[in-house]
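Student: Residues per chain, in single letters:
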Amino acid sequence: NAGVTQTPKFQVLKTGQSMTLQCAQDMNHNSMYWYRQDPGMGLRLIYYSASEGTTDKGEVPNGYNVSRLNKREFSLRLESAAPSQTSVYFCASSVLREKLFFGSGTQLSVL
Amino acid sequence: EDQVTQSPEALRLQEGESSSLNCSYTVSGLRGLFWYRQDPGKGPEFLFTLYSAGEEKEKERLKATLTKKESFLHITAPKPEDSATYLCAVHWSGGNEKLTFGTGTRLTIIP
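Going down the list, the sequences are from chains A and B.
Under our numbering, read the first sequence as residues 1 to 111, first letter to last.
Under our numbering, read the second sequence as residues 1001 to 1111, first letter to last.
Hints should not be assumed to be uniformly reliable.
What the hints assert, rightly or not - Calculated cross-link-like contacts (lysine-lysine; reagent style DSS-like; alpha-carbon spacing at most 30 Å): (1) A:K99 with B:K1057; (2) A:K99 with B:K1068; (3) A:K99 with B:K1063; (4) B:K1068 with A:K9.
No lab work stands behind these hints: they were computed from the structure.
In isolation and in its complexed conformation, chain A is listed as follows (with noise of 0.2 Å):
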């Protein structure tokens, strides 16, 4: 019983590489959702993908792009990665909007 997976757990990019976060979910969920938790900030959303084939920007989308690759799949992309992409990254999936369901997060240092 997975629920959300996440792959990295951890990752360091130096200033300018390029990375995609993975997230799988077995539930099958519609709503699957990117957001880093800072502190101090609490979680913001980087984008969302509502229903397979859709997505759409959140709080903070500047420096990400995604693709939701099928219903079970949402990837996040940094082409270009900067320090203040230094983040714990989350995904996490919904039936509905509310009850979210989170993965186990990639702990994510740009240098």
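Keeping the supplied structure of chain A fixed, place chain B upon it in accordance with the hints.
Tutor: Chain B in isolation, oriented as in the chain A frame:
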């Protein structure tokens, strides 16, 4: 302007010492207020949803209440395993698909 404010930032209690955590919000058109628990190194875990003033929800030693301006998470006779960060979030009419999260209260229960 913060829309969701949690207090205190941190709280240390002796085992068995009851207390309350506060979540105040300034959004208009509240559609729901949610409480999540987050353990270190993990993603948030859903606890409760409250929709209207006067509503209460309970789960084990936790009880969540809602007024028109704030919510309380009451913890009765806490145990060390209740130690975690507690997050509240609101879904409101101006927020579209996103939840607006507070920064959390870090609760430590001392044996």
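Student: The structure should be examined with respect to each hint, and the outcome stated for every one.
Tutor: The hints, checked one at a time:
1. A:K99 with B:K1057: Within the cut-off at roughly 15 Å; holds.
2. A:K99 with B:K1068: holds, 21 Å
3. A:K99 with B:K1063: holds, 17 Å
4. B:K1068 with A:K9: violated, 39 Å
The structure does not agree with numbered hint 4 stated previously, though it agrees with all others.
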